[in-house]
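Asks: Chain residues, written in single-letter form:
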Amino acid sequence: MTTLSMAQALNAALRDALREDDRVLVFGEDVGPLGGVFRVTDGLTKEFGEQRCFDTPLAEAGIVGLAVGLAMGGFRPVIEMQFDAFAYPAFEQIASHVAKLRNRTRGRLSLPMVIRIPYAGGIGGVEHHCDSSEAYYAHTPGLKVVTPATADDAYWLLRDAIADPDPVVFMEPKRLYWSKGETSAGDRRAAGFGRAAVLREGRDATLVAYGPTVPVALEAAEAAARDGRDLEVVDLRTIVPFDDATVVASVRKTGRCVVIQEAQGFAGVGAEIAARVQERCFHSLAAPVLRVTGFDIPYPPPILEHSHLPDADRVLDAVDRLQFDDEPDLLHLAGEAS
Amino acid sequence: MTTLSMAQALNAALRDALREDDRVLVFGEDVGPLGGVFRVTDGLTKEFGEQRCFDTPLAEAGIVGLAVGLAMGGFRPVIEMQFDAFAYPAFEQIASHVAKLRNRTRGRLSLPMVIRIPYAGGIGGVEHHCDSSEAYYAHTPGLKVVTPATADDAYWLLRDAIADPDPVVFMEPKRLYWSKGETSAGDRRAAGFGRAAVLREGRDATLVAYGPTVPVALEAAEAAARDGRDLEVVDLRTIVPFDDATVVASVRKTGRCVVIQEAQGFAGVGAEIAARVQERCFHSLAAPVLRVTGFDIPYPPPILEHSHLPDADRVLDAVDRLQFDDEPDLLHLAGEAS
Amino acid sequence: MSVDVLLPSPVPVRFVAEDGTAVQPPTGYQVPAEERLLEGFRRMVVGRRFDRQATALTKQGRLAVYPSSRGQEACQIAGVLALREDDWLFPTYRDSVALVSRGLDPVEVLTLLRGGWHCGYDPVATRVAPQCTPLATQTIHAVGMADALRRKGEDGVVMAFIGDGGTSEGDFHEALNYAAVLGAPVVFFVQNNKYAISVPLAKQSAAPALAYKGIGYGIRSEQVDGNDLVAVLSVLDAAVEHARTGGGPFLVEAHTYRMDPHTNADDATRYRDRQEVERWEAADPLARLETYLRERGVLTADAVDAAHEAAEKFAAQVRQDLNADPEADPFELFEHVFAEATPQLREQRALLASELED
Amino acid sequence: MSVDVLLPSPVPVRFVAEDGTAVQPPTGYQVPAEERLLEGFRRMVVGRRFDRQATALTKQGRLAVYPSSRGQEACQIAGVLALREDDWLFPTYRDSVALVSRGLDPVEVLTLLRGGWHCGYDPVATRVAPQCTPLATQTIHAVGMADALRRKGEDGVVMAFIGDGGTSEGDFHEALNYAAVLGAPVVFFVQNNKYAISVPLAKQSAAPALAYKGIGYGIRSEQVDGNDLVAVLSVLDAAVEHARTGGGPFLVEAHTYRMDPHTNADDATRYRDRQEVERWEAADPLARLETYLRERGVLTADAVDAAHEAAEKFAAQVRQDLNADPEADPFELFEHVFAEATPQLREQRALLASELED
Ligand SMILES: Cc1ncc(C[n+]2csc(CCOP(=O)(O)OP(=O)(O)O)c2C)c(N)n1
Ligand SMILES: Cc1ncc(C[n+]2csc(CCOP(=O)(O)OP(=O)(O)O)c2C)c(N)n1
Ligand SMILES: [Mg+2]
Ligand SMILES: [Mg+2]
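Protein chains in written order, with the UniProt record's numbering: chain H, 1 to 338; chain L, 1 to 338; chain Y, 1 to 358; chain A, 1 to 358.
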């Protein structure tokens, strides 16, 4: 066990993968000598040479398309999109090829590749640098979508992603890059893709979160505990495949659920979670599944991002509305706002 | 009142808009002399000349970006993406510029433009020609997302879209292009954006549908009526803005709800509807809100599309699971499938 | 690199005039061996017959859609003849004739177009990527594959087919640039058939010729008369050789013409007149090659007959093989999304199973 | 169009050598009027001072981030001088100096970079599009705006700024092609400062020069010494005139150098060495112009002093104006999504209101 920041854990995962498998290639914009704008690829070109970790010309469809061709040719590309919104130029390549190549070829071609995307906000970034774009990928059949919330998960989920026979969109919550945690690199861990983690057990309600909102959920649970409310916190870890079993077991136990996501709410992953939970736990639910999300607005300028981002207070407000007191209060949702 | 196919109604809407407002421009791939691959722009170049309706070079980001510049310069572009999946190359332009320009400029620039996208399947189209891509746009703040299910709505919603001060993604269900209906063109109709339509009243359960699944919902409701079950059918018409009032009123009345969408289910618009309905109608619901959707697979080849597409039988199966009989049957959802 | 060496010939390279007589080609290009030209002729005959058969099958409802390449046979066949078996080919939807000529099973080639499971052939076994519909996207994959071959120490070359319209897409630009920067052994082969569905070249590009795009990436380029098999093959031979021997990518533009509508579903009378099409009949690549080879005494009347006979047999076989409906197991829907189906896909499979039981 | 006329000069156009002496420019280019060169000098002095001030403000936490254009002043200022007030400019994040030089309020220009509301100025009033971060995307908007001007019968021109890295994006390709096919009055101005963050030009492109991209679209193009204001202005004058008089688009590549790191947050020592930067110090555009103008007796020592004084005043004002924190009303979050907020946005506004009441 060593203590690493999430960025360092990711770096270690790339390093170990490059070392263990010659077919692994790392490329993208500024991932070479610079080591990436977040230093996730720091030192890799130096250690493995320009053939294994290299800078590409500045074109995201090009990066993804090159990876498709290399994967068809037997390599395992791990590519970086520099920021969330800068993966959009590659959207056609991702949606029409990365997600579909196995399917189009009736399984004859598999596409083991990882698209790393630093995403979401909370770091004072200017426009186009803070999008939460996970729902676009999660809605696209053929993509696995993964997002770690701890350094240890960052390491292992990235290793699993690289080892996976299918394409993985690996979403890295930017604001957690510098948060440190114990990492078991080397010492193989159990949970792989499709397994959520119960980070905190509780009886009164379940908070479901992923990526950047996991620490928010934990903070809310701490605060609630001080008020005598016992919240369970589930970290999805992988959005696709989705771990129904863990989420359903938790909500059936607690009878209440708040889903927390940083992205704008409409038709986001949180909507899916809420829909699934009420489908599967209807008779256990004492209150509607509530969602705490970013607003349905373009990501705001830095001076206003704190008003946009779901924080522990907003989560606790939602928990308060879970009708613990037999006084339904859906007014703010159901009525026309002034 | 005249009887038109949906394609003809759209053509009439474009023609009337071009006639009434010099700022309206129509362009895209093959929309000129050919009249579009679905003939929606038939005859427009002939009537209005190459300056008003024209073919562009083959590049979708180019089409959208050109429209952005023209709209900034005072025009009202109505552009066509030839097929759903061929709008993906323009995704960055749509998500980072079309959706955000008003916001980025603090309201100083508005972007009145319409992106027409023939979408969804059911017409035996080969791969990449049948995607249901509405959720990508609906999840993107700053875009209005509209999808007609009748010829009359096609006419009026397109007129409204062109008149709207904000960008509208106008999704045209391909398989309804040839379905005919009475059209009140000229004779101004009431309901505009953000108003769903109750196409059929019923007491026992609400079917919520939009675009290509509206006829499926109506067919299911007919069939159910023969079995003595009285279903209400709500056609969203606009996905964004969403008409909570109509949907909520219906479900509070019926106490049961099935959402029907053709797109793959995960994190789709149907998830949003289910999440909203249970948030707002929790105490009226006698059963979970169920979803009937396409499977979470890339759009299948024509020979298999009938197995993928939600049909009236699949809808009726879901209605049957709405626990009318006090015997909850969530097994197929909750358990591990074999 | 010197600028001049990157520019294409100012007029398309040509070895054979429209009337079949030989003309002086630019220096630096060789006449391909007679045996290859004869082989090219035979394949063009079969290719055209196959194409006609496929169009006929759409009328009988046996194919959902077919984009004909009639008139483009010199390009389709030369592209295949220029490649070795271990080279890769990245085709578009319009390149079925090339695929059939490469030896792929016609039924497998036509699987996509008859509504069967997307790509019907095995891309790895055939070294042919799936026929690509989203325009220009395959050109970047071709670069990646070329880079993969180079990395593995193979001396294979990748040829990416693309149409004139496709060159307007951003992906084509990115592919050219990546290929040049990586020095990847890839040949970009533009079949400029003058139309992108209904959009004529003049609305597609204002370039003196599409081949002039090469220099902006530092890529050598050439333009060639695409209805002259001798010239196309000669130029592609040079391009492939350039790529194979470490010279990096090469861009070839072949000037040709789509004689038929975009697909059987298209109505070409809406956007071009009969006279234009007739003008191009005179430039027919097959008649031209036949005259050329016969006048040089290389091709006999018997050999021509034999070629047509072979073509008829081929077409008859295709007709017969496509007589059966494509089969399809609905549960296969869930098989190829991931290597292993997710729990959600297993549930959805179970739902479909319950429906099918009813 | 003849091919030769589309090709750029084989070496960058230059009027003034690095040591400030005049050299013979290629035929066809005029030395701009002295008054404009003097104006250019004054603006470069102010621009550089502003740039230095902005970088300093990042250290004081007054700006979140600042991408310096030190070393690129000849490009930034010539770009602005070549335009009329009613022309449009489509800048990138690196072009703050150009915007300030065009007369925009520095506080408004820096709004984005200090974390305030995205674009701080009024694009319509200033005829300057929002500074664009997603690379190359603005070049297509510029084409649309140019087409809009043409349609309205105005004789305005649009200038789109872009970096060397940005030229690799597909959107740049599509913009060039659309401009050429539409004959739109737009000048594409590439500031080739040799780096895209850490990626040097050699990894970005294998072209003999980026200006060679023009011919592939049928666009006239030129390359110019980007650290020679006289040359940049002369070439841009010609390009703007070409576009304004109906000649269609024009592509100009200016060879320059980014003296500072990509932004204050970047560590340039990771990817380039001090010697390289020092070599470029010798090519400094401001010193060069000063020598040139002084040796020709156009610029006096007093005028130089006056320019620096004006620059200090300007910088002091910027410093002062940025002393206050940007203001922000959280409810504005919901104002600019649509012209009229949807019911959902009104609900979300109410939720925020209830939170702020707590
Ligand atoms: C990205 C994309 N946009 C649009 C289409 C629709 N489409 C199919 S073929 C075609 C024309 C292509 O023309 P060209 O590249 O010249 O090839 P050709 O069909 O002439 O062989 C178009 C617009 C597509 N397949 N992909
Ligand atoms: C589409 C897109 N991809 C990536 C980025 C991240 N990024 C910002 S600036 C930059 C380098 C740009 O280089 P260049 O075009 O040469 O302009 P310069 O910064 O040198 O002025 C990169 C990669 C971006 N802003 N947009
Ligand atoms: Mg073509
Ligand atoms: Mg640069």
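Don't take each hint at face value.
What the hints assert, rightly or not - To give an idea of the interface, some chain Y residues facing chain A are shown, with a C-beta separation under 8 Å as derived from the structure:
{"#": "1", "residue": "P10"}
{"#": "2", "residue": "D171"}
{"#": "3", "residue": "H173"}
{"#": "4", "residue": "N177"}
{"#": "5", "residue": "V181"}
{"#": "6", "residue": "S205"}
{"#": "7", "residue": "Y217"}
{"#": "8", "residue": "A339"}
{"#": "9", "residue": "A341"}
{"#": "10", "residue": "P343"}
Simulated from the structure, these hints should not be mistaken for laboratory data.
All values derive from a computational prediction rather than experimental measurement.
C-beta atoms are modelled at their ideal positions from N, C-alpha and C, and glycine is treated no differently.
Asks: Next, verify each hint and record whether it holds.
Replies: Structure-based check of each hint:
Hint on P10/Y holds. Least Cβ distance to chain A is approximately 7 Å, under the 8 Å limit. A distance limit of 8 Å between C-beta atoms decides the matter here; for D171/Y the minimum to chain A is near 6 Å, and the interface restraint holds. Against a cut-off of 8 Å between C-beta atoms, the interface hint on H173/Y holds, since the closest Cβ of chain A lies about 3 Å away. With 8 Å as the threshold, the beta carbon of N177/Y comes within range of chain A, its nearest partner Cβ sitting at about 5 Å, so the hint holds.
Taken as an interface hint, V181/Y checks out: its beta carbon lies about 6 Å from the nearest beta carbon of chain A, inside 8 Å. Hint status for S205/Y: holds, given a least beta-carbon distance of 6 Å to chain A, under 8 Å. Hint status for Y217/Y: holds, given a least beta-carbon distance of 6 Å to chain A, under 8 Å. The closest approach between the C-beta of A339/Y and any C-beta of chain A is roughly 31 Å, which is over the 8 Å cut-off, so the hint fails.
Interface restraint check: A341/Y against chain A, minimum CB-CB distance 35 Å, threshold 8 Å, status violated. Annotation: interface hint on P343/Y violated; nearest CB of chain A at approximately 32 Å, more than 8 Å.
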